[in-house]
Amino acid sequence: ETGVTQSPTHLIKTRGQQVTLRCSSQSGHNTVSWYQQALGQGPQFIFQYYREEENGRGNFPPRFSGLQFPNYSSELNVNALELDDSALYLCASSFTNRGPDTQYFGPGTRLTVL
Amino acid sequence: SQQGEEDPQALSIQEGENATMNCSYKTSINNLQWYRQNSGRGLVHLILIRSNEREKHSGRLRVTLDTSKKSSSLLITASRAADTASYFCATESSGGSNYKLTFGKGTLLTVNP
Numbered sequence: 001e002t003g004v005t006q007s008p009t010h011l012i013k014t015r016g017q018q019v020t021l022r023c024s025s026q027s028g029h030n031t032v033s034w035y036q037q038a039l040g041q042g043p044q045f046i047f048q049y050y051r052e053e054e055n056g057r058g059n060f061p062p063r064f065s066g067l068q069f070p071n072y073s074s075e076l077n078v079n080a081l082e083l084d085d086s087a088l089y090l091c092a093s094s095f096t097n098r099g100p101d102t103q104y105f106g107p108g109t110r111l112t113v114l
Numbered sequence: 001s002q003q004g005e006e007d008p009q010a011l012s013i014q015e016g017e018n019a020t021m022n023c024s025y026k027t028s029i030n031n032l033q034w035y036r037q038n039s040g041r042g043l044v045h046l047i048l049i050r051s052n053e054r055e056k057h058s059g060r061l062r063v064t065l066d067t068s069k070k071s072s073s074l075l076i077t078a079s080r081a082a083d084t085a086s087y088f089c090a091t092e093s094s095g096g097s098n099y100k101l102t103f104g105k106g107t108l109l110t111v112n113p
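These protein sequence lines map, in sequence, to chains F and Y.
Residue numbers for the first sequence, in this note's numbering: 1 to 114.
Residue numbers for the second sequence, in this note's numbering: 1 to 113.
Rather than coming from a laboratory, the hints here were simulated on the basis of the structure.
Every residue, glycine too, gets a C-beta built ideally from N, C-alpha and C.
Treat each hint with caution, since some may be false.
Claimed, not checked - Estimated spans, in silico, between C-beta atoms of each pair:
id : chain 1 : residue 1 : chain 2 : residue 2 : range
1  : Y       : A78       : F       : T20       : 27 to 37 Å
2  : F       : N79       : Y       : N52       : 41 to 51 Å
3  : Y       : D66       : F       : S7        : 35 to 45 Å
4  : F       : N59       : Y       : S24       : 17 to 27 Å
5  : F       : T96       : Y       : S58       : 19 to 29 Å
To be verified - A partial selection of chain F residues facing chain Y, derived with a Cβ cut-off under 7 Å:
id : residue
6  : A38
7  : G42
8  : P43
9  : F45
10 : G56
11 : P70
12 : P107
Excised from the complex, chain F in its bound form (with noise of 0.2 Å):
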């Protein structure tokens, strides 16, 4: 098991709706990555935070946002829900934003959009 967890490990939402998905980086790591992995596919990265500043970004459209805060928690926020984001949300902190370093990864959230 790794120190990352993240909360809540499942949810159901509707269409239009938003989402708050929160992850807790392993004690030490500055960094954190979000993910997400459709069924059946491997995560495509969303954005990493790197010292609470955006540092770089996938190919996700703007109403995927994050946080990043002072002790290194994140946060991943989703506005006006649709089906195809109904996903496996990982998140990973790493001690750096530079590689090669290892990517700790945590449980994840199973997000349901209906």
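Dock chain Y against chain F, hints included.
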């Protein structure tokens, strides 16, 4: 977009046999990593191989990297039922300011007791 493509998509073997999974990628990389995922849960880091390395071992795992062919393989020797999981390769590419991983679609490994 997916960078790596794992092959095969699914693999079923008997306990004690070796399992080999392959990964191909498209762009130049800094390093390649292999992760394991049990039943749609979090990913567990297995091994990292840098672009200037050709082979790496960790316990029952052996990873090779051929940058000229843009491919990697993961060998699990003497497999166990507990090795049943999905295995993903992930690449870190050059040129970015952030350290992001680009994953393939994975290989589902089933080890039958």
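Cross-check of the supplied hints:
1. Evaluation of the 27 to 37 Å hint for A78/Y and T20/F yields a failure: the beta carbon distance comes to about 45 Å.
2. The hinted window of 41 to 51 Å between N79/F and N52/Y holds, with their beta carbons roughly 43 Å apart.
3. Distance hint check: the CB atoms of D66/Y and S7/F are about 41 Å apart, consistent with the given range 35 to 45 Å.
4. Range check, N59/F to S24/Y: about 21 Å between beta-carbon atoms, so the 17 to 27 Å window is met.
5. A hinted range of 19 to 29 Å for the beta carbons of T96/F and S58/Y is consistent with their spacing of about 22 Å.
6. A least Cβ separation of about 10 Å between A38/F and chain Y goes past the 7 Å threshold, and the interface hint is therefore violated.
7. Here the hint on G42/F is kept, as its CB sits about 3 Å from the closest CB of chain Y, short of 7 Å.
8. Hint on P43/F holds. Least Cβ distance to chain Y is approximately 5 Å, under the 7 Å limit.
9. Annotation: F45/F was flagged as interfacial toward chain Y, and the flag holds, the nearest CB pair being 5 Å apart, inside 7 Å.
10. Hint status for G56/F: holds, given a least beta-carbon distance of 3 Å to chain Y, under 7 Å.
11. Hint status for P70/F relative to chain Y: violated, with the closest Cβ pair at about 20 Å, above 7 Å.
12. With a least beta-carbon distance of about 4 Å to chain Y, the hint placing P107/F at the interface is held under the 7 Å criterion.
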